[in-house]
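Novice: Going down the list, the protein sequences come from chains A and F.
Going by my numbering, the letters in the first sequence line up with residues 11 to 587, in that order.
Going by my numbering, the letters in the second sequence line up with residues -7 to 187, in that order.
I should point out that these hints are in silico values taken from the structure, not numbers from a laboratory.
Hints may contain errors.
[Said to hold, decoys possible] Quick partial rundown of chain F residues pointing at chain A, CB under 10 Å, derived from the structure:
| id | residue |
| --- | --- |
| 1 | I(-6) |
| 2 | T4 |
| 3 | L27 |
| 4 | A30 |
| 5 | L33 |
Ideal Cβ positions, reconstructed from N, Cα and C, are used throughout, including at glycine.
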Amino acid sequence: MTHNHSHEHELPFWRKYIFSVDHKVIGIQYAITGLLFLLFGFGLMMLMRWQLAYPGQPLPLIGNWFKESAMVGGIMLPEFYNQLGAMHGTIMVFLGVVPLAVGGFGNFVLPLQIGAPDMAFPKLNMMSYWLYFIGGVIMLASFFVPGGSAQSGWTSYAPLSVIASSGQTWWLIGMAFLINSSLLGSVNFIVTTIQLRADGMSFNRLPFFVWAQFVTAFLLLLAFPPLMAAAVLQLMDRVAGSSFFMPTGLVVNGTLLKAAGGGNPVLWQHLFWFLAHPEVYVLILPAMGIVAEIIACNTRKPLYGYKALVWSVIFLGFMSFIVWAHHMYLTGMGTKMSAFFQITTMIISIPSVVILTTMILSLWGGSIRFNVPMLFALAFLPMFGIGGLTGLPLGLNAADIHLHDTYYVIGHFHYVVAPGTIFALFAGVYHWFPKATGRKMNELLGKIHFFFSFIFINGVFMPMFILGLAGVSRRLYDPMQYAHAQPTQPLNVFISISAWCLGLAQIPFIINFFWSIFAGKKTDQNPWQATTLEWTAPSPPPHGNFAKAPVIYRGPYEYSVPNQKHDFWPQSMKEEN
Amino acid sequence: MIRYISKPHPITGIINSKLGVWCFLASEIMLFGGLFSAYILLRTGVTDWPRGHELLNVPLATLNTIILITSSVTMVMSWASLEMKNLSKYRLFMTLTILLGFAFLVVKSFEYGHKFEHHHFPSTNNFYAIYFTLTGLHGLHVIGGIVVNLYFLLFGIKMWDKEPKQFAGRIEAAGLYWHFVDLVWIFLFPVLYLL
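Chain F with its partners taken away, still in its complex shape:
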């Protein structure tokens, strides 16, 4: 009854979930954009803003960058596997994506733990405050993505038997979200760690 769940709309050329995810991502750009704008206002408002590479662990963050970019690749592979009707490859690549996501979080927890051990908290100064807030909110988005991907790996897979095109569409939508989470990190990394 509701059209264009699996079949693309004749004029827009896409299915509902794809348009929905793009709209959602537009709002996410505004969310992180708001925080980046806050960063700019805070940094330009003082003369003694510290250098990120002096306070933060650049090698660890570089590792995290490689982890996330790789996870974006495996996410695409999982969707491509579905397009090629290969369910076991889908499972493999989705599992890899989830594991890489966890790896990101583990590295992050080492970073945070190190900061807390040295008594660096959001209350210490605004550099740490915006660092924790930006990476923390990003981390929450990573967790959200992992939860969604876990659902699609373990439970949502039932839809593949009844509605394969709709399921592939869902994975594509999840992939778009995951790429966005990766993209935010691509901005976070230079802004916080390198500048």
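Next comes chain A alone, as it looks inside the complex:
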């Protein structure tokens, strides 16, 4: 047996809140840590934006907080800019978004929505969090080693990453911890969803949120190991002097590199992108799940096209494993290879569009409640639409020749993940906060957070498409050294100011979040009048979640059912209501 629940109240503080095996505590740990990393990663970007807006100018006020190896007289060094870039990406993707979306929301909500008392492997769940935490500490510590942190992009392409300073080794070791954390978590999610559904909770009655997390878990389980393999190989190249990724005859700084050679830099790219493409679906699927729940609840009608949603998300999962080389069109691949990947890439856009369309169609005829979660969920739809559509020219080889490694790419993927996923995550925080704390967040502060974030996030990323089409490359410390980029400098200033304002716009959220934990308006167990199982448990649910194991009688979105007294019919309510 796992542990004796009747002694729950006797657990000491450190076992109840720090080394807890309860999925709700672990979920909150993941969520808060993830939010903090999102803020930190955002801070790194705000520093980069100074250099891009005002190249070579000293950073005011805080410039002299940084050591000489980062900023000289407050003026950013190129090496530090590269560190900021590589770590911004790494931290946002692996320490921020996925831990919050999967570790946070997945852990907290999934067992509740399927009617389970906890995850299948509670101790393993706890270990997953602490492996993530250690990985995060290693990544942060890498800033302070000689030479600084990783600085070869979050993609760590060889051979540059192999000859980079020691921070890159810390990155590899940090990634090993994060990958293992993710692996253990995904095993937990899969086994829990298959084995621990309450009686009557067939797969066809699962909330779409659970389906999205379930497919995401398979992506994490199967796609991460090749990156682990790649990290091991790169560690061998860096530490043991092997030449997995080092070609023969490589010259570094004028001297021939002393290595056996015979390696292949493109091998790194294949192994990396084999993970990193499914990874982007890991970034979006939980967000789609969250948006689906919030739309159903706040339109007071069932989601349109449940079957289409489920088949699309499963098909998307499969397809995501066979598109990876669309990130590698410019590596010199032949036309047969590029034709294959262009075809699969075009095909994979179909399920994404189906999912987006079903969510938009779900709004038709709905009785829409424009509360803060719904505002963020609604904004997700066109923002993800822009992100997805701008991916199409990138997925086609011919157009990608012009757009690859430009700001167009940065605009594309940020649209999907920033006003896309992160907006959905904000929606989820406002939506499930009452379940986790028993209190609601403040609506006015929420609306201020929403409106200013929406305006400024578009101000940051929309101009990037123009920059990219003008030919401005990404990862440049000083784009203005190129004549073709110089006319675009005013856009850089506009983007930077938008970014700093976007940062300020998060202050109402941070205040709201912490203030509401203690002083938010108290709510009952179902403040949104939703149908899914988590709203039948107390707010917050006790250890074990449900006093009696629930039995499920109907699907997840029985809203506005005719001849019912209320406009929602919870899944586990036996009789007519």
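Position chain F against the provided structure of chain A, taking the given hints into account.
Specialist: Chain F alone, transformed into the frame defined by chain A:
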């Protein structure tokens, strides 16, 4: 409270830990698959790839193959002993499995030692690099399996008195993992040593 820890799920027919281990093994296939794919890409990328049987000790590796296969048999016997409620036989076969695992590692250390003495390192060429990486990662997995088996022999055995079915399930899960480690070697041996 958490169901299907000892009793199988009515539809899937298995307990949680068994499904969990199979999922974990799926990820391990992707891990070693990634490395084998790297091997293929590296070998097909050059014309002067050496023959494994010329550089490596095939008789020693054959011995290691027999050791691991035998250890898989003793692992199954240890689980079967529990199913037949024979605790002392369980202890015997689990001890044998652990000893065979150690024997594998000892043979491996002779192999590695011989290579290092002759100044063959991962940095020497990519054949040695992938040889050390593949067998090294496999060796780490053997060590992991030995640690888990030692735990189940020395400490985890306490669970047999309170929850015998759950304990047998744990040994079955550990057995599945150990078979997988054996299976990886069955691929490693021909690919590295014979081809």
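Novice: All the hints need checking, so say for each whether the structure fits it.
Specialist: Against the structure, the hints come out as follows:
Evaluation of the I(-6)(F) hint against chain A yields a held restraint, the C-beta minimum of about 6 Å falling below 10 Å. At its closest, the beta carbon of T4(F) sits 6 Å from a beta carbon of chain A; the interface hint therefore holds under the 10 Å criterion. The beta carbon of L27(F) is positioned within 10 Å of a beta carbon in chain A (closest approach about 5 Å), and the interface hint is therefore held. Interface restraint check for A30(F): the shortest CB-CB distance to chain A comes to about 6 Å, inside 10 Å, so the restraint holds.
Because the smallest distance between the Cβ of L33(F) and any Cβ of chain A comes to about 5 Å, under 10 Å, the interface hint for this residue holds.
Violation of the numbered hints given earlier is absent; every hint is satisfied by the structure.
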